[in-house]
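Participant: Protein chains in written order, with the working numbering: chain A, 1 to 173; chain B, 1 to 112; chain C, 1 to 143.
It is worth saying that the hints were derived from the structure and are not from the lab. Predicted model only: the values in this text are computed from it and were never measured. Here a beta-carbon is modelled for each residue, glycine too, at the ideal position from N, C-alpha and C. Every clue listed holds true.
Pairwise CB distance ranges, derived in the manner of DEER restraints:
no.	chain 1	residue 1	chain 2	residue 2	range
1	B	A88	A	F95	18 to 28 angstroms
2	A	E111	B	G100	50 to 60 angstroms
3	A	M1	C	A71	45 to 55 angstroms
Listed below are the residues making up each chain.
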Amino acid sequence: MELHLILLFMILASVLAVEARDLISSVISLSAVGLGLCLAFLILKAPNLAITQLVVEILCVVVLIRATIKKDLPLVRDGRWFFNTISTALFVVCFLAFASFALKELPNFGEPVMRVSGEYIANSLEKTGLKNIVTAIALNFRSYDALGEAAILFAAIIAVLAITRKTGRINEK
Amino acid sequence: MSLYFLCLVLFCVGLYCVLRKRNIIKIIVGLVIIEYAVNLFFILAGYRAGGRAPILAKDQEVLNMVDPLSQSVVLTTIVIGMAVMVVAVSLAVRIYEKYGTFDITKIRRLRG
Amino acid sequence: MKNNQTGMTLIVKTITRLTVGLILVYGIYIVLQGHISPGGGFAGGVIITLSFVQLMLAFGKDTALKKVNQAKCIFLSGVAAFIFLILAVCGFVTGHSPGFRDGHSTFFSAGLVPFCDIAISVLVGSGLFVIFLALVLLTQEQE
Numbered sequence: 001m002e003l004h005l006i007l008l009f010m011i012l013a014s015v016l017a018v019e020a021r022d023l024i025s026s027v028i029s030l031s032a033v034g035l036g037l038c039l040a041f042l043i044l045k046a047p048n049l050a051i052t053q054l055v056v057e058i059l060c061v062v063v064l065i066r067a068t069i070k071k072d073l074p075l076v077r078d079g080r081w082f083f084n085t086i087s088t089a090l091f092v093v094c095f096l097a098f099a100s101f102a103l104k105e106l107p108n109f110g111e112p113v114m115r116v117s118g119e120y121i122a123n124s125l126e127k128t129g130l131k132n133i134v135t136a137i138a139l140n141f142r143s144y145d146a147l148g149e150a151a152i153l154f155a156a157i158i159a160v161l162a163i164t165r166k167t168g169r170i171n172e173k
Numbered sequence: 001m002s003l004y005f006l007c008l009v010l011f012c013v014g015l016y017c018v019l020r021k022r023n024i025i026k027i028i029v030g031l032v033i034i035e036y037a038v039n040l041f042f043i044l045a046g047y048r049a050g051g052r053a054p055i056l057a058k059d060q061e062v063l064n065m066v067d068p069l070s071q072s073v074v075l076t077t078i079v080i081g082m083a084v085m086v087v088a089v090s091l092a093v094r095i096y097e098k099y100g101t102f103d104i105t106k107i108r109r110l111r112g
Numbered sequence: 001m002k003n004n005q006t007g008m009t010l011i012v013k014t015i016t017r018l019t020v021g022l023i024l025v026y027g028i029y030i031v032l033q034g035h036i037s038p039g040g041g042f043a044g045g046v047i048i049t050l051s052f053v054q055l056m057l058a059f060g061k062d063t064a065l066k067k068v069n070q071a072k073c074i075f076l077s078g079v080a081a082f083i084f085l086i087l088a089v090c091g092f093v094t095g096h097s098p099g100f101r102d103g104h105s106t107f108f109s110a111g112l113v114p115f116c117d118i119a120i121s122v123l124v125g126s127g128l129f130v131i132f133l134a135l136v137l138l139t140q141e142q143e
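Please work from the sequences and hints to get the whole structure.
Facilitator: Now the structure itself:
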C-alpha cells in the first residue's frame with residue numbers, strides 16, 4: 001500500500017520536472033523523485049542502497065544547479081509539433097501495451113526465484129567472514145564488477161578533465 | 001503486478017522527456033528519471049514478502065532474506081549513472097560556451 | 001545573484017565551520033564499518049566528497065583550494081585506483097582469497113575487503129571532487 005503511494009508521488013514529481021518552465025524548478029522536482037526512490041528502497045528492505053542513493057542524488061543535484069544556474073530556457077512551438085507529439089504518445093502507448101504482456105511472465109511480486117542467491121546467503125559467513133551480504137557479493141564473490149566500476153569512474157574523471165581543458169580554446173576563429 | 005506497471009510508467013515519462021524536449025538540460029533530467037525507474041524495477045523484482053534486510057545479525061537465526069544479488073548490481077549501477085550524468089553536464093556546459101544556447105535545433109555544425 | 005568570490009552569508013559560514021568536520025568523520029565511519037553494517041566504500045566516498053563541496057560552496061573557490069590542491073587530488077585518485085587494482089588481482093597470485101580471519105565482527109575479520117573499501121572511498125572521494133572543481137572553474141571563466 002505504501003509502495004503504491006510512493007510510486008504515485010514519484011510519477012507526479014517527474015511529470016512536474018518534465019513540464020516545468022523554469023530550469024531550477026525542474027531540478028528541484030528531480031530531487032523530490034530521488035527522495036521518493038530512497039524511501040522506496042527503505043521500504044523494500046535495502047538499507048545499503050538507500051544510503052548510496054541519497055548521497056549520490058544530493059551530489060547530482062548540486063552539480064546540476066551549480067553548472068547551469070545562470071542560463072535561460074528557450075521554449076518555442078513551431079514546425080511539425082502536432083505530428084511529433086502524436087507519434088510519441090502512440091509509441092509510448094504501444095510500449096506499455098506490449099510491456100503488460102511481458103510482465104505476466106515475471107514471477108509474482110514477493111516471490112523471487114533466488115537460485116544463486118540462496119548459495120550466496122548460505123556460504124557467506126564461512127567463506128568470507130562478512131556479515132553484510134551485499135558487500136560480500138559486490139566485493140568478494142563478484143569483485144571484478146567492482147574493478148570495472150572503478151575503471152568507469154576513472155574514465156569519467158579523465159573525460160571531464162579533457163572536456164574542460166583550457167588548451168582547446170586557442171583554435172577559435 | 002500493478003507496481004511493475006507503475007514503474008514502467010515512470011520510465012515512459014522519462015522517455016517522453018528525452019524524445020520531445022529541446023533544451024539539453026531537460027534531456028539530462030529525462031535521462032536521470034529513466035535511470036531511477038530502471039533501478040527501482042530491479043529491486044522490485046527481488047523483493048520477498050515478509051523478508052529481512054540482507055545483514056546477518058547476531059541473534060536472529062531465521063534466514064528468509066530479500067534477494068541480495070539484485071541489490072549489489074543496483075549499487076554499482078547507481079554510481080555509474082552518476083558518472084554518466086556528470087560527463088553529460090560538462091558536455092552541455094561546453095556546448096553553451098561554444099554556441100551560446102542550449103537549444104538542440106540550433107546546434108547543427110559538427111565541425112570542430 | 002550569488003557572488004562566488006567571497007562565498008555565502010555569515011550564517012552559512014558559521015554553520016559550515018561547525019559541520020564540515022562532522023560530515024568528514026561520518027563519511028570515514030561509514031567506510032570503516034561497511035562490512036558489518038550497511039554502508040561500504042562508494043557511499044562513504046561520496047560523503048567525503050560532499051564535505052569538501054560544502055567547504056567550497058560556503059567559502060568560495062580560493063579558500064577551498066588552499067586546503068586541497070587540484071593536482072594533489074588527481075594524484076591521490078590515481079594512487080588509490082592503482083592500490084585497488086593490486087588488491088583485486090591478489091587472487092591470481094595466491095590461488096584463494098587471502099587475508100586475516102580474526103574474530104567475528106572486528107576490522108580484521110574479513111580478509112582484504114576493508115582495505116578494498118578504503119581504497120575505493122579515496123578514489124571516489126578525490127575523483128568526484130576533481131570533477132566538481134573542473135566544472136566550477138569552467139563556469140566561472142564564462143562570466
